[in-house]
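Student: One-letter residues, chain by chain:
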Amino acid sequence: MERKNWLRENWLILATGVVVGVAALVLTALGNPKNMGFCIACFERDIAGALGLHSAAKVQYMRPEIMGIVLGALLAALAAREFRARAGSSPACRFVVGMFVMIGALVFLGCPLRMVIRLGGGDLTAVAGLLGFIAGILVGVAFLKKGFSLGRAYPVPAGEGFMLPGVMVVLLVLLAAVPGVLKFSEEGPGSMHAYWLVSLIAGGVVGVMAQRSRLCMAGGLRDVFLLRDFRLLSGFLAIWITVTVGNLILGNYNLSAASQPIAHSQYLWSFLGMALAGWGSTLLGGCPLRQLILAGEGNGDSAVTVLGMIMGAALAHNFGLAGSADSVVDGVYKVGGIGVNGMVAVGLGFLVLLLVTLTHLPGKEDA
Amino acid sequence: MREKQPRLVVTFHTTAGAVATERLCRKRGLEGKLITVPRSLSSDCGMAWSAPPELRETLRAALSEAGIEAAGFHELPL
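Residue numbers (this note's numbering), protein chains in the order written: chain A, 1 to 367; chain B, 368 to 445.
Isolated chain B (complex conformation) (with noise of 0.2 Å):
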């Protein structure tokens, strides 16, 4: 059995948002992977990009350089 790790969980307010995501942090080389917004974070059933807690101040730039907007930057066991 798998043992959950923490993970930084970002949202957005749209698909378009974590697909663009993914697109950047490919193009980048970054770690990370998309997966369905938590439940425990969202009643919405949209997208989130899921990456190590150490990537957040990176991720938090590199997604501003590229003008994605994201909804929150969280962290839980995943």
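In isolation and in its complexed conformation, chain A is listed as follows (with noise of 0.2 Å):
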């Protein structure tokens, strides 16, 4: 009776797990690359690359996933009436926190969606960037304990919350209707790519569900860390399970550390990239899948957030910080993995994560 009782109340955060799981696997099947159904982190990238942000040739595509979730959630939330327009929450820290969270998951080559993904495809490599991730919300979490806060946000006028999903409609308009002034991979996983309408429908049912549900990687974990509330978590672990099932129904499970698509063994910086990503993201007060569906309600400190995610992804290929795969050159096996630059980047987004830690805990009067 009790089990009825739970799966009663928590049906919506299990079917959206599972949704995203499906999405995940159709999208990989019709062209996404392996393992890569969803990257929020990689997503975001290549658009960034679309639009000429960066020149990495091979990471270079309008991805219209991004934009399909924004609308998805915003369409979700107005019929809901849940769309608010607010804004105010420190925007600066949250645009530079979000770079930073960009550059830790592109250093691991991918978001927290994605390394979910990666592990449903038997990516042992992904399981450092776990451990990291569960290392940083930990971090975060005690900050939190601590009384760390960014600012409340206020209600501001409704063009300000509708910006975003303005810029995902443009963005959208330009992909359909005039391609030729974007940016286009003709190799590598920028031209790897499902049907567009086919991504922007899957990007907008996962925004509709994720928006329902408040879906959310990193929210997950701190509810369970905070409160032992496995609710969110257990969305997370239905992506996993559906990817999982799925990719061993379909032969494409592949239980492995060595040569998997797009991921690199470098397992330090693996734990390191993600231990940013996931303080980030719980300082953010969500990971960059929830940064999009917030901004989709007219959150229009997330919408910055993503564009500083976007920002992060520009300068981690414009100055060589982000991941390189594992390859096989002449027979040997060659462990990819992040460089000097990159290495200095987590250093330096560490330390910025401190400041900006250390700069909004209360004062010893108000503890």
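Each hint should be verified, as a subset may be incorrect.
Derived pair list, reagent style DSS-like, types lysine-lysine, alpha-carbon separation capped at 25 Å [what the hints assert, rightly or not]:
hint	chain 1	residue 1	chain 2	residue 2
1	B	400	A	146
2	A	183	A	58
3	A	145	B	394
4	A	145	B	400
5	A	34	A	183
6	B	394	A	146
Keep in mind that the hints were calculated from the coordinates and are not lab data.
Starting from the two chains in their separate frames, assemble the complex, guided by the hints.
Tutor: Structural data, given as structure tokens:
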């Protein structure tokens, strides 16, 4: 009886996890890169490339999934009368933290959502990322307990809340009507994609369901550590199980730490990159997927965070910060990963997060 | 199966508000606990304070005195 009650109360988050997992499998089957049906970090990076914000030729494509997620969340919020234009919660800090969340994710070669999808493909190199993500969230939670806050947001004119969805509409129009102004990869991950309309619809469905269920990778772990509440985490687990079962059925499950698609085995930096992403996501109040959803709901601060993430993606590829995949060269296995620039960027990211954290704790008299 | 009971749910603009409320209530011996914001109340994924409904005015006064800004006081079965 208790189990039935739990299912009745949590069916939506579980259904969302299943739908996200199925959408990821379908998009991969229809052309998205392997183990990358969805990746908020990689896709925002591809969008940055499509706009010419970076010149890494293999990762340039206007990913409709991102536009679909924001617009799906917008429609769901409007339908439920939950669209609320608000802003003013340390936007400059959020922009910069968003940048470093993206850099950390690109060091690992995936956002928290892709981390779960990689695990669902049998990619054991993602375990280091998962451990790092958990560690980063634990650090963030420790500071939340000490009263860390970026401050409250305030109601603002509706136009502020509609701005990022409006930008997404413009990007969609460019893709559909004037693709010649955009950059398109001719090889590499940027050249691998499902038909744009399918990607848009899949993103839209995910956006609607993630808005209704409040799905969030970082929030799921945060709630477990802070409140012993497993509701959001169950959505995370539903994605993992769905992708695993789907890959087993399709014959795409490859339990291994070697030669995984768009992955590297530089475990220390996978750990540290996702620790950066986890800590930053906790400070921001949500993972990269959740930032897109919040932006669709009218949150101007999350919109700024998304722009920060796109900037971070551009910087990652302009300055050689992002990870590169393992490869086989002349029959020899070559471990990919990051170079010195990436290592410095991760170190700088931890320093910046620490500074943001320390400057947003309550004073002694407020403690 | 535990039956749902009416509870006072206090929501906040920030997670820090909820955490500060927990600290305040523990200090003053006021019954309650931190919970995730019920979905029926908000699309925000933050934290709220759940307490017995009869503590509404006590909590309102305590939060005001401590300078903790609450977003709202709600009563619902949990």
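Student: All hints, please: hold or fail.
Tutor: Tested hints:
1. Restraint check for residue 400(B) and residue 146(A): satisfied, since their Cα atoms lie roughly 17 Å apart, inside the 25 Å limit.
2. Of the pairs offered as hints, the one joining residue 183(A) and residue 58(A) holds, with about 10 Å between alpha carbons and a cut-off of 25 Å not exceeded.
3. Restraint check for residue 145(A) and residue 394(B): the C-alpha separation of about 15 Å stays at or below 25 Å, so the hint holds.
4. Using a Cα cut-off of 25 Å, the hinted pair residue 145(A) and residue 400(B) holds, with the two alpha carbons roughly 14 Å apart.
5. For the hint pairing residue 34(A) with residue 183(A), the CA-to-CA distance comes to about 22 Å; that is within 25 Å, so the pair holds.
6. A distance of roughly 15 Å separates the Cα atoms of residue 394(B) and residue 146(A); the hinted pair therefore holds under the 25 Å criterion.
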